[in-house]
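Now for the letters of each chain:
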Amino acid sequence: MTNFELEYYQFSERSILVEWPQKIDESILDDVLMFKNHLLKSNTKVILDINNAYNSILIVYKLTIDNINDEISRLKTYYLDRISIKKSVTTLWKIPVCYDEKFGLDLEDISSKNKLSKSDIIRIHSEQIYTVFFIGFLPGFLYLGGLDNRLHFPRKKTPRSQVEKGAVAIGHHQTGIYPNQSPAGWNIIGNSPINFFDPALSEPCFAKPGDQMQFIPISLEEHTKIKTKVLNNAYQLESEVYDG
Amino acid sequence: MMVEVLKAGLYDTVQDLGRCNVQQFGMPYSGAMDIDSYKRSNLILNNTANSAVLEITMIGPMLKFHSETEICITGANLSPKVNDKTIDQSCRILINKNDVLSFGKPLHGCRSYLSVVGGFQTEKVLNSRSMTANITSSFRLQKGDVLPYHTTINKNSLKTEILKVDGFDFHKPVIEVYKGPEFNKLTSVQKETLFASDFTISSESNRMAYRFKEQIPNNMDAIITSLVLPGTIQLTPSGQLLALMRDCQVTGGYPRIFQISESSINLMSQKIFGNKIRFKCIN
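Chains S and B, in that order, are what the protein sequence lines are. If you want the working numbering, it's the position in the first sequence, counting the first as 1, plus 52. If you want the working numbering, it's the position in the second sequence, counting the first as 1, plus 62.
Quick caveat, the hints were computed from the structure, so don't treat them as lab data. Treat the hints with care, as some may be off.
[As the list claims (entries may be wrong)] Derived pair list, reagent style DSS-like, types lysine-lysine, alpha-carbon separation capped at 25 Å: (1) S/K170 to S/K154; (2) S/K217 to S/K146; (3) S/K75 to B/K247; (4) S/K165 to S/K128; (5) S/K128 to B/K167; (6) S/K260 to B/K186; (7) S/K114 to B/K186; (8) S/K75 to S/K97; (9) S/K114 to B/K241; (10) S/K93 to S/K114; (11) S/K260 to S/K154; (12) S/K209 to S/K154; (13) B/K241 to S/K75; (14) S/K217 to B/K186; (15) B/K167 to B/K241.
[What the hints assert, rightly or not] Listed below are several chain S residues computed to face chain B (Cβ distance under 10 Å; list not exhaustive): (16) N104; (17) I176; (18) P206; (19) T210.
Each residue gets a CB set at the ideal place from its N, CA and C atoms; glycine is no exception.
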């Protein structure tokens with residue numbers, strides 16, 4: 053296993069930021085999550101919260117850090133120990149998405165500029181398996197890695213002031229789903245009828261960093277049916293679980 | 063046993079210490095903007111530390127108490143009155159049934175904290191009553207809302223205890239900052255400007271972020287989306303400084319040039335538009 057060159061910063065009086073090399077890469081994500089999980093398991097008394105992004109973790113302590121050098125040196129030891137944590141099981145979530153023109157507001161634009169037919173866009177987008185890197189921007193907004201090069205498309209110059217809950221979008225080399233009605237700078241290609249965020253649950257998001265996702269194309273009728281089931285709490289999202 | 067909102071203020075929210083351990087779901091911390099004044103308000107009433115209070119911004123609401131209780135107001139002085147009679151701040155105030163609390167001219171600071179004995183018993187989501195968009199059913203008070211509370215006043219309790227506190231000076235201009243992860247990517251001219259200039263709070267400042275009128279010419283690249291906290295100051299491509307506050311996002315792609323110290327986040331929360339601040343580095 054590679055040990056990356058990590059950088060440690062005192063972020064505030066009770067937080068430390070750890071950064072990996074500046075690129076978006078699944079092997080970095082694996083290492084980020086391994087370190088994060090190791091710290092979460094071994095250091096619960098002093099740590100309030102740990103959050104990760106593509107190539108960083110932010111460790112927030114319960115109290116002001118007494119001596120920053122001692123704490124960083126402790127973290128470095130934990131980093132070298134992280135191998136003791138086995139990669140947990142991975143879940144592959146099957147996300148229903150309707151790519152009908154009713155929802156796919158920017159399919160036409162992507163189709164003409166990237167020289168792909170609409171059905172090619174849908175096929176390429178739904179064939180791929182994506183990795184959840186982290187959740188940010190909005191509650192329940194998943195940052196997904198793995199978008200096919202052919203679908204890379206710049207963000208809109210002028211963001212839309214509002215898109216529908218469940219809008220599936222492409223922003224540069226990323227794809228994601230707006231979990232709630234929101235302003236949006238990404239290009240909308242479809243809509244998923246399921247809930248990505250529910251604050252009434254103790255785990256408000258079903259997906260977590262490291263999980264995988266695949267989009268399953270559905271018709272407009274199926275979209276309406278699933279939406280009704282979701283509203284009545286009668287929809288069971290499909291998933292597969294396997295050992296990493 | 064409730065308070066009725068007869069008239070909403072400019073921006074009134076129920077707040078406690080907010081939510082932790084949920085940032086992994088993309089949820090903000092939320093919680094009282096000026097945690098220091100928030101805690102003092104509860105302390106004076108001998109409430110438990112995480113009791114819910116009302117955070118009142120600049121122009122206060124008009125509230126009717128439907129039963130007897132005790133309250134305390136700390137933080138900004140927004141000219142509070144009970145039945146049109148001016149009341150003191152940072153002390154216990156006895157409220158009788160049908161008393162009306164109102165506010166007048168904002169005299170000092172931006173945010174006032176109204177606590178009630180036992181705390182407001184409003185909706186709790188993920189261990190916090192802090193009102194937050196997309197998380198609680200409403201994100202600010204509106205006319206006609208009611209805030210429940212318990213009425214169990216022990217009239218003899220702690221009457222003689224006095225909390226000695228210094229006067230609060232929210233005019234202090236100095237905001238203490240740590241260097242942010244991207245601070246060293248700034249040019250020496252940018253660094254000099256940041257520490258040598260006054261920055262004026264813009265009117266587009268709220269619980270998510272404070273903005274400033276002055277800009278810092280900037281051609282730094284965006285960073286790969288990374289982590290931020292309340293108090294992180296970002297520099298946007300257009301040269302604007304964004305000081306993130308309690309309702310901010312958990313990730314961002316703009317360079318993070320400063321992190322405001324915890325006590326200075328409280329001070330910043332009491333600044334109103336037009337106030338000038340100055341950054342002082344503490345590491």
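A quick look at each hint next to the structure:
no.: 1; hint: S/K170 to S/K154; result: 13 Å, holds
no.: 2; hint: S/K217 to S/K146; result: 18 Å, holds
no.: 3; hint: S/K75 to B/K247; result: 17 Å, holds
no.: 4; hint: S/K165 to S/K128; result: 48 Å, violated
no.: 5; hint: S/K128 to B/K167; result: 54 Å, violated
no.: 6; hint: S/K260 to B/K186; result: 24 Å, holds
no.: 7; hint: S/K114 to B/K186; result: 22 Å, holds
no.: 8; hint: S/K75 to S/K97; result: 32 Å, violated
no.: 9; hint: S/K114 to B/K241; result: 21 Å, holds
no.: 10; hint: S/K93 to S/K114; result: 16 Å, holds
no.: 11; hint: S/K260 to S/K154; result: 30 Å, violated
no.: 12; hint: S/K209 to S/K154; result: 22 Å, holds
no.: 13; hint: B/K241 to S/K75; result: 23 Å, holds
no.: 14; hint: S/K217 to B/K186; result: 24 Å, holds
no.: 15; hint: B/K167 to B/K241; result: 37 Å, violated
no.: 16; hint: N104; result: 8 Å, holds
no.: 17; hint: I176; result: 24 Å, violated
no.: 18; hint: P206; result: 14 Å, violated
no.: 19; hint: T210; result: 15 Å, violated
The structure shown violates the earlier hints numbered 4, 5, 8, 11, 15, 17, 18, 19.
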